[in-house]
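All chains should be modelled from the sequences, with the hints used to inform the complete structure.
Here is how the chains run, residue by residue.
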Amino acid sequence: MNQLDAASLRKACDARQFDFESTEEISNRVKVLGQERLTSSLDFGTGIDRKGYNIFALGPHETDKRGHILEYLEEASADEETPGDLCYVNNFDDRYEPAALHMPRGRGCELKEWMEKLIEDLPPTLTAAFETEEYENRRQALQDEVQDQQDQTFEELQEEAREKGLSLLRTPAGFTFAPIKEDGDLMNQEEVNSLSQEKRQELQEKTKGLQEKLQELIRQMPSAQRELRRKKKELDKEIATFAIKDLFDDIREAFSELKRVQDFLDAVELDIVENVQAIMSNQGQQQGGNQMAQMMGGRQARLQGTDSGTPVLDRYRVNVLVDHAETEGAPVVYEDNPNYKNLVGRVEYKSRMGALTTNFNLIKPGALHRANGGYLVLDARQVLLEPFAWEGLKRALKSGRLKIESLGESYSMISTVSLSPEPVDLEVKVVLLGQRMLYYLLCEHDPEFQKLFKVEADFEDEIDRNGDNQEHYSQLIAGLIEENGLRHFDRKAVARIIEQGSRMTGDNEKLSTQTEELKDLLIEADHWAEENDNGHVHYEDVEKAIEHKIYRSARLRDKVQETIERGTIFIDTEGEAVGQVNGLSVLQLGNLMFGRPNRITARVQLGKGEIINIEREVEMSGPIHSKGVLIIKGYLGERYARERPLAMSASLVFEQSYGNIDGDSASAAELFALLSAIGDLPLKQSFSVTGSVNQHGQIQPIGGVNEKIEGYFDVCSKKGLTGEQGVIIPKANEKNLMLRSDVVEAVEEGRFHIWSIETLDEGMELLTGMTAGEEQPDGSFPEDTVNHLIREKLSDFAERRKEFATPENGRK
Amino acid sequence: MAEESEKERVLREILVAVDTSPHSHAALEAAVTLAHILEANVKGLFVENELWGRLSDLPVTTSISELTGEEGPLERDTVEEKMTRLRNRIRDRMHDLGQHYQVTYSMETASGKVDEKVLEASRRSDLITLGLKGNYAKRGRLGSTARAIIRQSDKPVLILEKGMYVGTVLTVVYDGSPSGRKGLAIALQIAKNDNSRLSVLVTGEGDKLTEERRVEVRDVLDRHRVFADVQAMPHADLGSFMDVVYRQRCGLLVLPKGMEVVSKYLDSLLRNVKCPLLLVS
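Heads up: the sequence lines are chains P and F, in that order.
Numbering of the first sequence is given in our numbering, commencing with residue 1 and proceeding in unit increments.
Numbering of the second sequence is given in our numbering, commencing with residue 1001 and proceeding in unit increments.
Some hints here could point you the wrong way.
[As the list claims (entries may be wrong)] Just some of the chain F residues that point at chain P, by a computed CB distance under 8 Å:
| no. | residue |
| --- | --- |
| 1 | 1057 |
| 2 | 1058 |
| 3 | 1059 |
| 4 | 1062 |
| 5 | 1078 |
| 6 | 1083 |
[Said to hold, decoys possible] Cut-off 16 Å, straight-line C-alpha distance, at most; resulting in silico cross-link-like pairs (EDC-like, lysine to aspartate or glutamate):
| no. | chain 1 | residue 1 | chain 2 | residue 2 |
| --- | --- | --- | --- | --- |
| 7 | P | 213 | F | 1066 |
| 8 | F | 1274 | P | 133 |
| 9 | P | 213 | F | 1071 |
| 10 | P | 208 | F | 1071 |
No lab work stands behind these hints, which were simulated from the structure alone.
Ideal placement from N, C-alpha and C gives every residue a C-beta, glycine not left out.
Right, dumping it as structure tokens:
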């Protein structure tokens, strides 16, 4: 056993080791520390250009994973090639499947501007061409030709009818031939009736012949009109082709090296020629005009000028989905709202007259589009929380193709016509950020996960605390100060931050690299410096920040301590008692972890070797705690009952415990209480004990040692420090000690004590003030030692049990 | 106030002769539009041709469908039924247009010769609107009915064919005659109400007279606070007239009926100007 001196309770950081007065003088500032494994993983992940080698960066949430990963990627991507732009254009063969147009970097917007200008110039150019006298004349000539032919035919038919004593007339029921008199007037009923039978027969035959001719003429009219339309369209094409040629010359020259653009321009040119009348009508509609023009021309235009509710000219536009004109190196994109649409893109709709319509101009990019050719950083938890986002992301990575699909379409009961944009090749490195548990859960439960995220980039939580690393830590502090625009810290403040960095790890030989928590501390210390009108942040400001943070969260801790102080929860801090010891537990509530003493009691009676863990019986005990209790039984049997049965029954309980208990850090205390109860040995209540025990009676380290010590110290302080009180901890936990300065001070002044032990015997000696007693070669223990008394008592139990086991008692 | 009363006196009611032809449909739409602009009423007149009744009384008369060429008996009942449908269709169309343009309208039916009935009805109206021709009159020629109405009517006549719309440029020819003045007044009213671009072509024999009339027109325009482009056209022969008109890209062309190009070359005019003509008596 070892009574620890004050110096070993807190590994102070000596500010004098620093050769700077404040962080202002630190030039070599860093924002991350001790992440060699992570950096190596990232180097590997970004360097390997193979499918599935995406990265999962895992670490606690207190680490600024996003900031670090983005900084790393921005640096790494700076020298990489910038990908080209991505545009969507109308597919003139199938407008429901817009075509992807890959452009060299920055040229997407250039093409868009060219096309906007073309669209602007197109209607006036066409209008000018189609308003020429030549066009009017040729168009009229075509119409006249057909009309003249038709008129001529009718006139000839009329003439023939007249020659035959008939007239061709038009009635609401159709055409008819009626007999006429010599003066050309129609015959009436009487006049017809007065004609001879032969004459009437002759007229009927003539009528029949003329009717057949008329019928033939009528049958030919639609085909004549079709032919007229065809000829007009041919004429329009001829005029339009000539008119727009100049408009395309400059664009074609500007993009002469890009075949796909040339193909697109060919398609546009062809479509314009095919739809020239619709384009001009659309223009008329858009320009408006006065009432007369709108009422009379506009009605016509509305009928002709639109195609599925969208302006005709829109289909010549270029929708630039991704523009990398301003991007330096490969793109690095962080999507903070990674829902399905924001990841894979979407097709938007416009409401027009109550109906939803869309076109390729309404295709919107997702983060994968923007990051294509570079890096996409996502928060794994957010992706998993968004419906369909995880599956959408995996689908894109698996296929290596990015296809925009509407969820509404996929899951709707009714299939509607919508856009199906051409998929694009996906070459992106996805970096997921998440906590370790999430990573391991995904590995366990998603069989595709490890195929797609082969690179594990693990953030270190801590680094060794040595002279060099303390120096590096000050550089990290300086880097975070600069990043967050804080006051500079003087070197004492830096030293205090380093001490706290060690306390964060619960290990005086380590320093925390969880920059989020560190950053919070720096920001809060800066705040208190501001409150105190300090130009620099001093030691006191850091101390205040630490204390105040605890104070803000410590309402429940204080309540617990108050109930102990007021005697509601029974904790003795002086005197002696048999089968009773002060154990220590830690509670994590929100931001604060604190320790508190618990009274552990044990009672024994004659029995068959059962140890009843009362917490377990009522299902308030976790498995680790239950395991600890079973270890106790193993220890007792091996140490004291090798030769005879363990003829006792014991019960162990955490008194006044109203919640679940887990962990094995109280197993040593439980064993002390049990041994005390067996041997009827009073234990000093001024001590509180923490540590787990194995079956050989060795004391093993536990977590939260600082909080436990401080928790008991606070209780003792409130009840009054007697100079006898102290805490017994495992020796292996000595390196974890980074205690509060008031605890250290009390130890230094002899008002409080901390002992470290390696074995149970050491602990029993401290608690009983008796010698534990070494086992003799014959297996006995020296008289008047703790172990002797315990063995004697157990022997007594065994004898009594043997006596009790008579046939009268139902035993043989 | 004087201008308002003048407008009311000049165009209070627009008569439009309606039948089944697409030219007549164009005329109806033009009439409703003008009525909307000038706050006038529209009266539609559907004339049942007397010949139809006589034809159906003839023994063994057949009709040939215009659409399909199918043959069927031409009986009085069939003709009556078709005419009823036709009337209803025209009435529905008038109703739609009237509602759309917020114009008061009425419809009358008459039986007899179309030109006579239209002229008779026009006595109570201020303007007649006609389709250029019926369905199968020869291209570029006025139909006989339209020709008769234009010749005999003392009211302004607006004639147009399908595909013609009253555009954004209103052109009026001023020759100093009373009908020229009346045409100018109508054009001014339309231009003021519709913010159309007004263009005035001043004709006269010789430069001096033309200039006097141009000044006269300027005075009228100033009085009415209407901006217009005024062009002198001393020699109003058909060729130069049509050239000027073509360059104007007229929407509606207002002409005095007594003008030589109208009285002598109306068919040529109609064939070439390709815009609605308002012939003012």
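Can you verify the interface hint for residue 1059(F): is its Cβ closer than 8 Å to any Cβ in chain P? holds (6 Å)
Mind checking the CB of residue 1078(F) against every CB in chain P and telling me if the closest is under 8 Å? holds (5 Å)
Hint status (Cβ of residue 1083(F) to nearest Cβ of chain P, threshold 8 Å): OK, holds: residue 1083(F) within 8 Å of chain P, min 5 Å.
Agreement of residue 1274(F) and residue 133(P) with the hint, judged by alpha carbon distance not exceeding 16 Å: holds (12 Å)
Straight-line Cα separation of residue 213(P) and residue 1066(F) no greater than 16 Å? holds (13 Å)
Restraint check, 8 Å cut-off on beta carbons, for residue 1062(F) near chain P: With a minimum Cβ separation of about 7 Å from chain P (threshold 8 Å), the hint on residue 1062(F) holds.
Under the criterion of a CB-CB separation shorter than 8 Å, is residue 1058(F) in contact with chain P as hinted? holds (6 Å)
Within 16 Å, alpha carbon to alpha carbon, are residue 208(P) and residue 1071(F)? holds (10 Å)
Given hint residue 1071(F) paired with residue 213(P) - CA-CA distance at most 16 Å: The given pair, whose Cα atoms are some 12 Å apart, holds under the 16 Å limit.
Minimum Cβ distance from residue 1057(F) to chain P below 8 Å? Holds: closest Cβ of chain P sits about 5 Å from residue 1057(F), inside 8 Å.
Of the numbered hints given earlier, the model fails none.
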